[in-house]
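Going down the list, the sequences are from chains A and B.
Heads up: the first sequence begins at 1 in UniProt numbering, then just goes up one per residue.
Heads up: the second sequence begins at 1 in UniProt numbering, then just goes up one per residue.
To be clear, the hints were calculated from the coordinates, so they are not data collected in a lab.
A couple of the hints might just be wrong.
[Claimed, not checked] Sample of chain A residues at the chain B side, in silico, Cβ under 10 Å: (1) Arg15; (2) Gly16; (3) Asp84; (4) Arg215.
None of the values given here were measured: they were computed from a predicted structure.
Each residue gets a CB set at the ideal place from its N, CA and C atoms; glycine is no exception.
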Amino acid sequence: MVAILLIEDDPLVRRGLELALSRHGYDMRTAGTGRDGLRALDADVPDLVLLDLMLPDLDGLEVCRRIRAGGDLPVIMLTARGDDLDVVGGLEAGADDYVVKPARPAVLDARIRAVLRRSAGDPDGIRTHRDLRIDTTALTVSRRGEPVTLTPTEMRLLLTLSASPGRVFSRQRLLEDVWEHDYLGDSRLVDNCVQRLRAKIETDPAAPEFVQTVRGFGYRFGPVQG
Amino acid sequence: MTGLRARLLVAFVAVTVLGAAAAAWASASAAGTALVSAAQEQLTAALAGQIGAVAPELTYPPDQASLDRLRVAAGPDTLVTFAGLRAADGAITTFDLGAVRTAARDGNRLVAQRVDADGRPWLLIATPVVITALDGTRTPSGIEVYAARDLTAVDRQVDGLTRSAARTAALALPLAVLLALAAAGSVLRPVRGLRDTARRLAAGDLDARAVPRGRDELTDLTVTINEMAESLARMQADARRFAADASHELRTPLATLAAVVDVLESATADLEPDARESARMAITEVGRLTRLVEDLVEVSRFDAGTARLRVEEADLVGTIRDCLRARGWTSQVTLDAPAELRMPLDRRRVDVIVANLAGNALRHGGPPVRVRVAATPAEALVEVTDGGPGLPPEVLPHVFARFWKRDPARARTPGSGLGLSIARENARLHGGDLTADADARFVLRLPRAVRS
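Put together the whole structure using the sequences plus the hints.
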């Protein structure tokens with residue numbers, strides 16, 4: 001059973017989501033504050049965190065940052081306003097996806113499944129690109145022999161891009177392949193994840209060698225010969 | 001030329017010209033009077049001198065010859081009488097001398113009177129000749145001298161003065177017009193500034209302010225208008241903040257409702273009919289309420305100016321196709337478009353616009369619903385039409401108004417009443433526009449080079 005930690009301050013929203021998601025077959029745990037949530041994480045690691053951004057004590061963004069600093073646990077943030085600032089802040093803090101409240105449990109369920117699927121690869125062995133080594137079976141990445149820790153979303157993005165080096169993927173395409181979003185996904189998810197991935201695997205993220213921008217179209221995996 | 005400007009101009013010119021004319025007339029008439037009296041004095045003094053030079057040599061009582069001598073000495077147009085004798089010359093005989101004669105005899109002195117004859121001005125002078133004895137006593141001699149002096153030359157001089165006064169007044173006219181224009185301009189410039197500010201305020205630009213200058217009534221008015229603008233802006237900001245806060249506050253309970261609606265829905269099968277119907281209604285209305293609040297939040301974002309365009313290079317036609325397909329409208333809506341039209345756009349916002357237009361056409365119009373896409377080098381045009389009756393003239397001005405419903409009885413449509421307003425705001429955020437005509441033909445224009 002998939003374990004989900006819901007961190008949400010409003011008791012009725014918390015209980016409502018707990019009821020609804022339990023019926024979708026999740027093992028629901030809840031916390032009412034950011035600190036309680038972090039404590040619950042230490043006690044028993046869930047498979048995914050549903051994180052409300054407006055929390056009374058510790059800001060949801062800060063909670064997200066601390067979860068990221070501690071590892072690659074998937075985080076979906078719940079934003080009450082859906083305001084751009086919240087979304088951007090959440091993505092920069094390392095969230096894998098976001099859902100705007102009020103959200104139908106069916107939508108949440110789909111997003112949770114999509115995030116969790118990213119951990120399951122489509123193994124085809126080991127890909128080596130210059131000094132970058134991607135093990136598609138063990139889902140590990142190393143650069144110059146040093147292991148690099150990627151979140152499931154970053155991993156899935158790297159696997160998708162590196163499966164066809166040189167091919168240009170539009171943001172829309174990546175949203176469908178990596179995030180499994182419908183036709184109107186938010187392309188900032190892609191841009192933010194690309195930035196985080198570059199910070200981890202590129203020597204100089206400002207002049208990327210592996211994840212290259214194709215202006216006006218999207219991204220492609222390098223190094224491209226010629 | 002504005003009405004106020006014309007009135008100021010006329011008033012200023014009238015005052016200036018009347019003033020100049022009055023001053024010219026006054027000075028001309030004063031000068032004329034002075035001229036006439038000087039001429040009269042000179043003429044009477046001359047006559048008195050002429051008589052005085054001859055009178056002492058006359059024999060008394062005078063005979064005809066003496067009278068003739070006196071008459072000659074007094075110059076032309078003169079009459080000299082004594083008892084029954086008279087000596088006359090020229091025009092004097094044509095005048096009626098009764099009045100001057102009486103005045104001269106009564107006062108026993110020289111009398112002058114201005115008269116007009118044959119269209120010419122004359123000065124009639126009558127004087128008794130007085131004999132002054134050696135001891136200084138003066139006795140009337142009984143001789144009377146009448147003279148007519150032509151004043152035409154003097155009158156001509158007076159006329160000349162009047163004409164030059166009129167010329168001076170006329171010269172003042174263009175000067176007055178120039179001055180009036182300048183004065184009107186200086187008065188009207190702040191008025192025009194105020195008008196422009198008021199016009200911008202009326203058009204909804206509540207940041208418009210007029211700059212107060214100087215320290216007059218117009219400055220007071222400017223300050224008042226600025227204060228009015230500030231209180232309008234405050235009221236609007238309050239109203240918008242309220243709408244934003246209210247929609248935000250509504251979202252939390254809606255989040256709970258949206259979460260539990262599914263649970264409720266899965267349980268409705270086991271309920272009694274009444275309870276089942278109630279549960280279904282609650283579920284439907286939660287959906288409507290959610291859409292309404294989402295639209296309200298969207299509108300308050302536009303109002304607060306926090307709506308941001310997220311432009312990316314995308315295919316407009318593909319976006320429209322996705323929009324129709326995602327809503328299952330592909331079979332009801334004909335898409336007439338080129339294969340692809342790549343341009344910078346915000347896909348989500350274009351989706352909102354197209355979904356709204358096509359959705360309205362399907363709900364309120366009639367088949368066939370058609371979406372046509374065309375492009376010029378500068379802009380892309382998306383035209384949504386339907387085969388329905390079109391929009392009545394009284395409806396057309398309100399189609400983009402918030403919560404405006406064409407028919408109150410049909411108010412319970414699936415829409416929030418904000419859709420077209422949001423669609424138009426989205427078009428304008430792109431730097432484009434959305435318009436409607438009487439045939440319910442909605443045209444969306446999007447510039448092909450959007451500011452990013």
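Verification of the supplied hints:
no. : hint   : result
1   : Arg15  : 8 Å, holds
2   : Gly16  : 3 Å, holds
3   : Asp84  : 5 Å, holds
4   : Arg215 : 8 Å, holds
Hint check: no violations occur; every hint is consistent with the structure.
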